[in-house]
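Q: Below are the chains, spelled out letter by letter.
2 protein chains.
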Amino acid sequence: MDHTKFTLDENEMPKKWYNILADMGPMDPPLNPATNEPIKPEELEPLFAKELIKQEMSTKRYLDIPEEVLDIYKLWRPSPLYRAHRLEKVLDTPAKIYYKHEGVSPAGSHKPNTSIAQTYYNMKEGTERITTETGAGQWGSALSLACNYFDIECKVYMVRSSFEQKPYRKSLINLWGASVIPSPSQDTQFGRKILEDFPDTSGSLGIAISEAVEDAALHDNTKYALGSVLNHVMLHQTVIGLEAQKQFEMAEDYPDVVIGCCGGGSNLAGVSFPFIKDKIDGKHDPKIIAVEPSACPTLNSGEFKYDYGDMAKMTPLLKMYTLGYDFIPPAIHAGGLRYHGCSPLVSKLVADGMMDATTYHQVEVFEAGVTFARSEGIAAAPESNHAIKCAIDEALKCKESGEEKTILFNLSGHGHFDMFSYDKYFKGELSNE
Amino acid sequence: MDHTKFTLDENEMPKKWYNILADMGPMDPPLNPATNEPIKPEELEPLFAKELIKQEMSTKRYLDIPEEVLDIYKLWRPSPLYRAHRLEKVLDTPAKIYYKHEGVSPAGSHKPNTSIAQTYYNMKEGTERITTETGAGQWGSALSLACNYFDIECKVYMVRSSFEQKPYRKSLINLWGASVIPSPSQDTQFGRKILEDFPDTSGSLGIAISEAVEDAALHDNTKYALGSVLNHVMLHQTVIGLEAQKQFEMAEDYPDVVIGCCGGGSNLAGVSFPFIKDKIDGKHDPKIIAVEPSACPTLNSGEFKYDYGDMAKMTPLLKMYTLGYDFIPPAIHAGGLRYHGCSPLVSKLVADGMMDATTYHQVEVFEAGVTFARSEGIAAAPESNHAIKCAIDEALKCKESGEEKTILFNLSGHGHFDMFSYDKYFKGELSNE
Numbered sequence: 001m002d003h004t005k006f007t008l009d010e011n012e013m014p015k016k017w018y019n020i021l022a023d024m025g026p027m028d029p030p031l032n033p034a035t036n037e038p039i040k041p042e043e044l045e046p047l048f049a050k051e052l053i054k055q056e057m058s059t060k061r062y063l064d065i066p067e068e069v070l071d072i073y074k075l076w077r078p079s080p081l082y083r084a085h086r087l088e089k090v091l092d093t094p095a096k097i098y099y100k101h102e103g104v105s106p107a108g109s110h111k112p113n114t115s116i117a118q119t120y121y122n123m124k125e126g127t128e129r130i131t132t133e134t135g136a137g138q139w140g141s142a143l144s145l146a147c148n149y150f151d152i153e154c155k156v157y158m159v160r161s162s163f164e165q166k167p168y169r170k171s172l173i174n175l176w177g178a179s180v181i182p183s184p185s186q187d188t189q190f191g192r193k194i195l196e197d198f199p200d201t202s203g204s205l206g207i208a209i210s211e212a213v214e215d216a217a218l219h220d221n222t223k224y225a226l227g228s229v230l231n232h233v234m235l236h237q238t239v240i241g242l243e244a245q246k247q248f249e250m251a252e253d254y255p256d257v258v259i260g261c262c263g264g265g266s267n268l269a270g271v272s273f274p275f276i277k278d279k280i281d282g283k284h285d286p287k288i289i290a291v292e293p294s295a296c297p298t299l300n301s302g303e304f305k306y307d308y309g310d311m312a313k314m315t316p317l318l319k320m321y322t323l324g325y326d327f328i329p330p331a332i333h334a335g336g337l338r339y340h341g342c343s344p345l346v347s348k349l350v351a352d353g354m355m356d357a358t359t360y361h362q363v364e365v366f367e368a369g370v371t372f373a374r375s376e377g378i379a380a381a382p383e384s385n386h387a388i389k390c391a392i393d394e395a396l397k398c399k400e401s402g403e404e405k406t407i408l409f410n411l412s413g414h415g416h417f418d419m420f421s422y423d424k425y426f427k428g429e430l431s432n433e
Numbered sequence: 001m002d003h004t005k006f007t008l009d010e011n012e013m014p015k016k017w018y019n020i021l022a023d024m025g026p027m028d029p030p031l032n033p034a035t036n037e038p039i040k041p042e043e044l045e046p047l048f049a050k051e052l053i054k055q056e057m058s059t060k061r062y063l064d065i066p067e068e069v070l071d072i073y074k075l076w077r078p079s080p081l082y083r084a085h086r087l088e089k090v091l092d093t094p095a096k097i098y099y100k101h102e103g104v105s106p107a108g109s110h111k112p113n114t115s116i117a118q119t120y121y122n123m124k125e126g127t128e129r130i131t132t133e134t135g136a137g138q139w140g141s142a143l144s145l146a147c148n149y150f151d152i153e154c155k156v157y158m159v160r161s162s163f164e165q166k167p168y169r170k171s172l173i174n175l176w177g178a179s180v181i182p183s184p185s186q187d188t189q190f191g192r193k194i195l196e197d198f199p200d201t202s203g204s205l206g207i208a209i210s211e212a213v214e215d216a217a218l219h220d221n222t223k224y225a226l227g228s229v230l231n232h233v234m235l236h237q238t239v240i241g242l243e244a245q246k247q248f249e250m251a252e253d254y255p256d257v258v259i260g261c262c263g264g265g266s267n268l269a270g271v272s273f274p275f276i277k278d279k280i281d282g283k284h285d286p287k288i289i290a291v292e293p294s295a296c297p298t299l300n301s302g303e304f305k306y307d308y309g310d311m312a313k314m315t316p317l318l319k320m321y322t323l324g325y326d327f328i329p330p331a332i333h334a335g336g337l338r339y340h341g342c343s344p345l346v347s348k349l350v351a352d353g354m355m356d357a358t359t360y361h362q363v364e365v366f367e368a369g370v371t372f373a374r375s376e377g378i379a380a381a382p383e384s385n386h387a388i389k390c391a392i393d394e395a396l397k398c399k400e401s402g403e404e405k406t407i408l409f410n411l412s413g414h415g416h417f418d419m420f421s422y423d424k425y426f427k428g429e430l431s432n433e
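These protein sequences, in sequence, are chains R and D.
Here this note's numbering is used: the first residue of the first sequence is 1, the next is one more, and so on.
Here this note's numbering is used: the first residue of the second sequence is 1, the next is one more, and so on.
Take these hints with a grain of salt, some might be off.
Heads up, the list lumps identical chains together, so a pair's fine if it works in one copy or across two of them.
Derived PhoX-like pairs: lysine-lysine, alpha-carbon spacing no greater than 20 Å straight-line [what the hints assert, rightly or not]:
| id | residue 1 | residue 2 |
| --- | --- | --- |
| 1 | LYS74 | LYS5 |
| 2 | LYS89 | LYS74 |
| 3 | LYS5 | LYS319 |
| 4 | LYS287 | LYS405 |
Quick caveat, the hints were computed from the structure, so don't treat them as lab data.
Using the sequences and the hints, build the whole thing.
A: In structure tokens form, the structure reads like this:
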């Protein structure tokens, strides 16, 4: 059998992130929600470290990864690139399927790639406390891990439906020293208002963001951190695709299709942007696919327009695909994909035809996850199962056409804290909302 | 900073297991429980595949790992050897601490090293169904994963206290297609008897083994698999230590101390036997330490004598340290270490002074686990926290003495399915039973 996994030594890790802004046309700027005017960098300073604001707007093509960030990355990076021999065999496909396994990080997903970076810059600038929201809990755990390393207090507002489904995500967040409460909460003005109006709400990322932003704005030495959507987050995640490119060189192969699940867009951006650079440079022409849940089809059915990132309209207006800032998606089991908006970078790439988007219902998504677990061994996160489902479909198309395509998908995280959802799938209790 | 982790390419994986029986004096043979006479290989055939019985008794020094087993190992092996820079810094010790991370397997522990091998040989001999017991759930998941690969039906009797504490271990076992019930159960004669006499029992490995053995004995084409204790299990686990030796060559270092937690003994044997060979050969003289919970101190306080491996006295009598075949340990949170006996090989090495043994209470063990999670990032299994606690103590001794010892411990598994126990620790609800 050919190689099963392509591993790089930690010294072969990329030393720079790739900034796709350098290779895209001018972007519509974020707008101040109070004035509707393009936001000035200093207006973002109450929420973000200055260096992150600089990165948000930078058009420099490659940005150095600080030594201290690299040192922490080394705890799990470079992540392995797998050739899914066993999945290929089960599907009986001529396609070659590869996946990048981001579930090997201590927090269990790709999220620490940016939480470590964001927290590092905050530490450098004296931040003492960081607030955030979390959907599935992957981001909340990743930020807790990062704040632990830089001795920063951390408070996580966790979307209530996830909070209740995943008590042990909460335990993991606590283990690294952060505190976590269900959102909407009594701890913010906005949370209290929502609870009054909709006492039974399952919550949403839009609400939780409002709470975290309000908390950061009202407390001294407190900043806010976002786990997706923004340019600097996409930037930090490109370490995934940059590593994958080195690993494809080892494999003497190159992907025809690159797939990522898409909520705010960060893992998709991470795996695909370096390959999109090859596309822009005219070197290769891979098809890039964003996979969304049918229950929250932002790129597939949303409008491409300016919208708020949160429900309380406190964040800057971003030009992006959106289902509306007050959209509350059904409580599907891929909590990380329940966001009304999407990264402006990913949105523009879709609008420009550089990226495709597709949707799946959650039952077929879990079915794909079970096929994957029984072939490749790994219990994947419900979010990642979306990418798996799409990779399987692409491979089955090859089976029909006889094409020997090379397919890459990002396995954004493991599902060890999502077994409740697998149980529901096996009991036939998952709906296709 | 020096290297954080030493990774081998999958082609550098050891191709043979190391059989320590070749380098130890003659062992007291297992006895037939009916006759008290040394058991004949064919008397074990109702329970085990012939090839495994051969391995159990073999005195050949190196045994080939079959190609198909290697191919599955490649899904996660070679596992990384970490240098615990951050833990060293927190402890402010001159010692160098390394750990082998066996939690990277799909099942989350070292157990698949033997489950894959055992299931492979069973498949070769036509076994259609395998029964087993599981304590913490690590072994049950590992066997489920393995049976999935070789298309063998699998039934797991899970010690009731673990079954109740860890619902999601059960989900993982189901995900790979096995069935799992709490032990004692209504499914066996012995289980029903225990439930009649002790309806509130938290169960024990000794009871669960009896149930699995009874089930295997009474069903056609069904064999039994044990996740620890037996010689062939220790054999399969030596891939851990053999890899570690290659990785220490990369690190240009060699351990002065090798540590593993010890229930039945398999992860300790796996990491240490290749180093004990160096001891026997007079090449090196590392100290080997078996770490047990105070609640179940088999090597520390048990008697070295012939005893049954299970409560119903169905298994062969083994010469080992034992707390008595009917010992039911308190329901501590390291379910994998709740066994009355221990591997005859490990027992003899302790009796011969080749290995030391020590104990810790569970509160200090979890405290060590939290220190580890906050320095190295990884949420470890409660069992592994015993090894971590011992490594920390050894490093702190070096701090006092100024010695720059090299310490290796085996991180036998992650704790993603044990967060309930961490919650109890943080709430101050863990007793030191």
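Q: Flag every earlier hint the structure violates by its number, smallest first.
A: When the structure is compared with the hints, only number 3 turns out to be violated.
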